[in-house]
Amino acid sequence: MNTFISYQLWSPEECDHIVEEVRKTPCHPALSVVDDRNQIKKSFRQADMYGLGNRRLLDQILDAAKQVNLEQWGFEIDGGLPSVEVLRYKKGGHQASHTDWGGVHRTRKITFTIQLSPPDAYEGGELVLFDGPEPWLCDSSQGSITLFPSWTLHQVNELTSGERWSAVGWVLGSSSYA
Amino acid sequence: MPDVGISQTDQVWLPGVCRSAIQVAVMKGMERDDCADETELPGLRQSACLVYEDNPTLFQAVYRIGKLCNDKHYGFTLKPCPEGIPEIFINKYSFTDKHVGLFGRHVDWGPQKPSRRKLTVTLQLSPSANYQGGDLICYTGPESAECKREQGSATVFPSWTLHEVTPLTAGERWSLVAFLEGPRPFF
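The listed protein sequences derive, respectively, from chains F and P. The opening residue of the first sequence carries number 971 in my numbering; numbering runs sequentially from there. The opening residue of the second sequence carries number 5 in my numbering; numbering runs sequentially from there.
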C-alpha cells in the first residue's frame, strides 16, 4: 500500500571508499531504546555506530530524498538532514521491528537506508518493511538507497555471518505530519 | 511503542447505542460487497460490510471520538464534520462451519488516490463474551498491541498503522470503522 522507493545512489567503489574512511573514526554502540538503568537494550538493536560528516555526501542524500518526496509524498521537509549514521552490523546484530516516528521524534518524515556492503559480504541482515500481509525485503545491492515514510514499521533481520555496513537517517519536517 | 502510536478509550458508547448502530444498518439493508479498495488482496478480508452514508447524529458522534483523540495526541489537519468523515462501516465477523471471519495485516493509508485518510476510528459493538478470537491488533514496535475488546470502547490510530483482526474461533463480532480525512494527504 505504501510507496517504498529503491534505486542506485552510489557506486560500489564509492561505498567501499566511504566505509574505509568511516572505519578510521570513533565508534559507539548504536543508541536506541534505553532501559531504566540507562543500559542500551541489546535485544532491541545491536550495531556499532559511526557518523558521516562529509557534507557533499549528505547533500547528495538530501537531494535524492527531495526528488523522491516531490514525486511520491509531498511532505513538508524544511528540517532537512542534520546528520547521518553509519552502522556496522556484525554476527548477531539486528534491530527489532519499530517505526521511526513518535515520542520525541515527531518531525521525522522520510527514513532512508543506503546499503554500503556488497550482499555477498554477509548473510541475514535484510532490511524488511511491513505494510501488508507479506513483508517487503529491501534491495540489498551495494550503493542502493531505500526511502520510506518514517511511520513505516520495519526491522533488520539478525546477521548470521559477515559484516554489513549501512548509512541511515531521517529527513525532517519543521513540524510533525499534518 | 511510541507514546502516540495508538490511543484507546474505555466505554464511550453504552450497549444500547452499539446495538442500535447495528440494528439500523441491518434493517435498512445497507450491506455492500465493494468495501475493499482495488489494491486489497483477495481473501485478506473475510467479513460482511454495511455502510452508512447519511445519519447526521451517528456521523457526529463518531467524528467527535476521533477529533478528541486528534486534538490530544496527533494534531493532524482534518476536514470538519460531515466532510471529514465520508462513510461509516459496520463490519460483521463470524465463525461458522463454512466461514472464518478475519482481516489480515494491512494499513488504511495508501498513496493511490492519493489517500486523504488521517485517522482510523474503530468501536467494538459486540460484548466481548459473544466471540472468541477476532482481536484487533496494532503493530507499532516489537510488541504488538491487543486493542480493547469491551463493548463500546474505541481505538483510534493514524491510518498508516499496520493492524489486523485475528481469525474468529467462535461467535460473532460486530465493529464500527470510520476514517477521518484531511483536506489534503499527510504533509
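Please note that a few of the clues may not be correct.
BS3-like mimics (lysine-lysine), calculated; alpha carbons at most 30 Å apart, straight line [what the hints assert, rightly or not]:
id : chain 1 : residue 1 : chain 2 : residue 2
1  : P       : K83       : F       : K1036
2  : P       : K152      : P       : K71
3  : P       : K32       : P       : K83
4  : P       : K83       : P       : K71
5  : F       : K1036     : P       : K102
6  : P       : K76       : P       : K32
In short, the hints are calculated from the structure, not lab data.
Now the hints, each set against the structure:
no. : hint              : result
1   : P:K83 to F:K1036  : 27 Å, holds
2   : P:K152 to P:K71   : 19 Å, holds
3   : P:K32 to P:K83    : 28 Å, holds
4   : P:K83 to P:K71    : 10 Å, holds
5   : F:K1036 to P:K102 : 51 Å, violated
6   : P:K76 to P:K32    : 35 Å, violated
Hint compliance for this structure: hints 5 and 6 are broken, all remaining hints hold.
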